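K.L.:
Turn these sequences into a full structure, and let the hints steer you where they fit.
Note that the protein sequences, when read in sequence, are chains A and B.
Here the first sequence is numbered in this note's numbering, starting from 1 and rising by one per residue.
Here the second sequence is numbered in this note's numbering, starting from 1 and rising by one per residue.
Note that these hints are calculated values from the structure, not bench results.
A couple of the hints might just be wrong.
[Said to hold, decoys possible] Chain A stretches covered by chain B per the calculated footprint, using a threshold of three residues with CB under 8 Å from any CB of chain B:
1) 43-49
2) 110-122
3) 225-239
[What the hints assert, rightly or not] Partial pick of chain A residues on the chain B-facing surface, computed with a CB cut under 7 Å:
4) GLY61
5) HIS62
6) GLU65
7) ARG68
8) ASN105
9) PRO107
10) ARG182
This one's a predicted model, so the numbers in the text were calculated from it and none came from an experiment.
For every residue, glycine included, the Cβ atom is placed at its ideal position computed from N, Cα and C.
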Amino acid sequence: MMLAMSPTARPRRVQLFVTCLVDAFYPETAHATRRVLERLGLEVAIPPGQTCCGQPALNAGHHDEARRVAAHFVDTFAPDPAPVVAPSGSCVDMVVHQFPALLTNDPARAAAARDLAARTYELSQFIVDVLGDDEAAVPVEPSLTYHACCHGLRGLGLDRQPRALVGQAGGANVRPLDEDDRCCGFGGLFAVKMGPISSAMLDRKLEAIERSGADVVVVTDASCRLHMEGGLRRRASRTRVAHIADVLDDRV
Amino acid sequence: MRTSPLPFVRRVEQALADPVLRRNMAVGTSRQRTHRLEAMAALPGADALRNHASRIRAHTLARLDEYLEQFVAAVRARGGTVHWAATAAEAASIVTTIAVGERARLVVKSKSMVTEEIGLNAALEAAGVTAIETDLGEFVIQLAGQHPSHIVAPIMHMSKEQVGALFVERLGATPEEVVDVAAMTAFARRVLRERFLEAAVGVSGVNFGVASTGTLCLVTNEGNGRLCTSLPRVHVAVMGIERLVPTLDDLGVMLDVLARSATGQALTVYTNLVTGPRREDDADGPEALHVVLVDNGRSRVLGSELAEILYCIRCGACLGACPVYDTVGGHAYGSVYPGPVGAVATPALDGLGPWTELPHASSLCGACRDACPVRLDIPRLLLLLRRQTVEAGGSPVWLRLALRAHAALAVRPRLYRLAVRLAGRVLAVGARDGYIERLPGPLAAWTASRSFRLPARRTFLDEVARERRKVSP
Numbered sequence: 001m002m003l004a005m006s007p008t009a010r011p012r013r014v015q016l017f018v019t020c021l022v023d024a025f026y027p028e029t030a031h032a033t034r035r036v037l038e039r040l041g042l043e044v045a046i047p048p049g050q051t052c053c054g055q056p057a058l059n060a061g062h063h064d065e066a067r068r069v070a071a072h073f074v075d076t077f078a079p080d081p082a083p084v085v086a087p088s089g090s091c092v093d094m095v096v097h098q099f100p101a102l103l104t105n106d107p108a109r110a111a112a113a114r115d116l117a118a119r120t121y122e123l124s125q126f127i128v129d130v131l132g133d134d135e136a137a138v139p140v141e142p143s144l145t146y147h148a149c150c151h152g153l154r155g156l157g158l159d160r161q162p163r164a165l166v167g168q169a170g171g172a173n174v175r176p177l178d179e180d181d182r183c184c185g186f187g188g189l190f191a192v193k194m195g196p197i198s199s200a201m202l203d204r205k206l207e208a209i210e211r212s213g214a215d216v217v218v219v220t221d222a223s224c225r226l227h228m229e230g231g232l233r234r235r236a237s238r239t240r241v242a243h244i245a246d247v248l249d250d251r252v
Numbered sequence: 001m002r003t004s005p006l007p008f009v010r011r012v013e014q015a016l017a018d019p020v021l022r023r024n025m026a027v028g029t030s031r032q033r034t035h036r037l038e039a040m041a042a043l044p045g046a047d048a049l050r051n052h053a054s055r056i057r058a059h060t061l062a063r064l065d066e067y068l069e070q071f072v073a074a075v076r077a078r079g080g081t082v083h084w085a086a087t088a089a090e091a092a093s094i095v096t097t098i099a100v101g102e103r104a105r106l107v108v109k110s111k112s113m114v115t116e117e118i119g120l121n122a123a124l125e126a127a128g129v130t131a132i133e134t135d136l137g138e139f140v141i142q143l144a145g146q147h148p149s150h151i152v153a154p155i156m157h158m159s160k161e162q163v164g165a166l167f168v169e170r171l172g173a174t175p176e177e178v179v180d181v182a183a184m185t186a187f188a189r190r191v192l193r194e195r196f197l198e199a200a201v202g203v204s205g206v207n208f209g210v211a212s213t214g215t216l217c218l219v220t221n222e223g224n225g226r227l228c229t230s231l232p233r234v235h236v237a238v239m240g241i242e243r244l245v246p247t248l249d250d251l252g253v254m255l256d257v258l259a260r261s262a263t264g265q266a267l268t269v270y271t272n273l274v275t276g277p278r279r280e281d282d283a284d285g286p287e288a289l290h291v292v293l294v295d296n297g298r299s300r301v302l303g304s305e306l307a308e309i310l311y312c313i314r315c316g317a318c319l320g321a322c323p324v325y326d327t328v329g330g331h332a333y334g335s336v337y338p339g340p341v342g343a344v345a346t347p348a349l350d351g352l353g354p355w356t357e358l359p360h361a362s363s364l365c366g367a368c369r370d371a372c373p374v375r376l377d378i379p380r381l382l383l384l385l386r387r388q389t390v391e392a393g394g395s396p397v398w399l400r401l402a403l404r405a406h407a408a409l410a411v412r413p414r415l416y417r418l419a420v421r422l423a424g425r426v427l428a429v430g431a432r433d434g435y436i437e438r439l440p441g442p443l444a445a446w447t448a449s450r451s452f453r454l455p456a457r458r459t460f461l462d463e464v465a466r467e468r469r470k471v472s473p
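P.N.:
Structure (structure tokens):
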């Protein structure tokens, strides 16, 4: 987990890494992320060359392809010294924990990757740990419950921060979720390669979500959202999935 | 190493279609998880202890040659005989030869995963020696003709009704003798007591070998390990060469984390320290002690990038923590070592060839890494094995092409955005209010149980590019 910067070092400018899934499937969440950061007084730069972090290739064992995409990411974000913020714990975990090792045979980029790793944050982590602002959320209407996405939780230690923000937004309307730190079964290609296992894992997750009685389950990753949402729709469930940026932007 | 002739997908299908197994796995693993977390929470400085345990493992493996020499010398100095086995077959043959030489018709065994690995029971059987498993769970597994489905809880997948039916069918138990778990345990105990008295040879595994003293540490909850190692005339201990700790102090650290991680106990009911055979002033103990050191791929793993897997102390915490394991159970893995650790250890020891699916049987959620008392980074090792599979040409063509195309586009942002737009248009053809219910080819596995959300009409980055053009035409 990254240490919070001292208040004097509060950044005035950030680079937004929107992530490939949010960009393509949930552009409204990207807009929400941008608005939330702007409302917190930050100038939000959006490097136009950004694409993907390369995690799909890495998880499939295709290190050469992953390395190519990671190198592009470093070239895109490293020149600007502003912190990088992304609405995804999983992609941030990739940058923070995988890039330096992946690029180890490319010394210049490996050094840039280490530098980036030290200033790349998931959205709620950035708001709470770096800005020290744990009152960024406004109360929202529907009842909420929180699912802790795996890579954020276990890779970045992301837990207290999103829970604080969800707690503020939902107030007394936050419902507990059974096994809230249990994987939903997405796992990237795992969902396709191991379809039946992934589906069984999703069933257990969706049953817990429906048992919680919440209107909306809040996540920090678009990948998990895509997965749970697809399952809820197939079940014709009325429960919705929202990204934490949408909650902070009061759009749930 | 293999426990089933069926291919992986069939084993998974079978497991998913078995409601008794599904329920038992859900209950068993959730109990293991809760007990582990409670026990660790009650242990002062648990995180520091886990770090310490991890460092002991790293240190021992870095100097395994020295510690093995120390250990062997110490075992011999206390009157034990040491045997080296390079392969599973060699190990099984050494134990079988000892049993046959002792004219043993019956061998009692305490629970040991390495004897499963070397296929010992079948080898003994082939030589006309009957092997009886004396750990209650293993006893049931043997009666059922199955393999353990969990490293420390071999019958986690079974219900007590299934065990009762087995006792009635195979051992002629009366309905009263299988009325509840206590009655079944008492029944098994009566059956096993006679076996202990008949056996000339006792075979055990080894949880830890202490290099400085030649001590074998065995932990059990039933006392069967103590009987196997003290009652028969001869004790044969089988251990993987990696299972050493340098000193008794180090053993203490490992024991602090082992039972807590495995069963949530502060210490198992029995912790046996066996140092040599019976001495003149000893009240009991075997006349002879044989220690069989099994390599079976371990020294090769030690010199490879997968060496860290040898840290494993076989507590099974990663099994209980894993959402894949608790969904499909141990038999679906098809290997003696199931679960996250098995998904690494099996291809590491046996070669990737027949085991390419196992490293993919994980969502990489990281729960195994969080649970591991010696801080094994299992997801990292799974990724390494996936890379090795790709390097050996084991990645499907569609995936190879897709990822190559993805990488080529991802480094060309304009083309990438064009491709995302195009993909959205193509997918939209088959969509109904923003979702696709049936995808073709390998992606059909997604839509089998999940709707697929259509990409947005306009991506965020396209929108931002439009804004920019408006501002600066």
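K.L.:
Counting residues of the segment 43-49 of chain A that have a beta-carbon nearer than 8 Å to any beta-carbon of chain B, does the count reach 3?
P.N.:
Answer holds; 3 residues pass the 8 Å Cβ test.
K.L.:
Given a cut of 7 Å on the nearest C-beta pair, is the interface hint for ASN105 (chain A) held or broken against chain B?
P.N.:
violated, 14 Å
K.L.:
Could you check if PRO107 (chain A) really has its C-beta closer than 7 Å to a C-beta on chain B?
P.N.:
violated, 20 Å
K.L.:
Using the nearest Cβ pair, does GLY61 (chain A) come within less than 7 Å of chain B?
P.N.:
holds, 3 Å
K.L.:
Taking 8 Å as the Cβ threshold, is the statement that the segment 225-239 of chain A is covered by chain B upheld or broken by the three-residue rule?
P.N.:
holds (count 7)
K.L.:
If you take the shortest Cβ to Cβ gap from GLU65 (chain A) to chain B, is it below 7 Å?
P.N.:
The hint holds - GLU65 (chain A) has a Cβ within 7 Å of chain B, the shortest such distance being about 4 Å.
K.L.:
Closer than 7 Å between Cβ atoms is the bar; does HIS62 (chain A) clear it against chain B? Give me holds or violated.
P.N.:
Holds, about 5 Å.
K.L.:
So, ARG182 (chain A) near chain B? Judge it on the closest CB pair being under 7 Å.
P.N.:
holds, 6 Å
K.L.:
Please verify the coverage claim for the segment 110-122 of chain A: does it have three or more residues whose C-beta sits within 8 Å of some C-beta in chain B?
P.N.:
That given contact is violated, which follows from only 0 residues of the segment 110-122 of chain A lying within Cβ reach (below 8 Å) of chain B.
K.L.:
Given ARG68 (chain A) was flagged as interface, is its beta-carbon under 7 Å from a beta-carbon of chain B?
P.N.:
For ARG68 (chain A), the interface hint holds, since the closest Cβ of chain B sits about 5 Å away, which is under 7 Å.
In this structure, the earlier hints numbered 2, 8 and 9 are contradicted, and the remaining ones agree with it.
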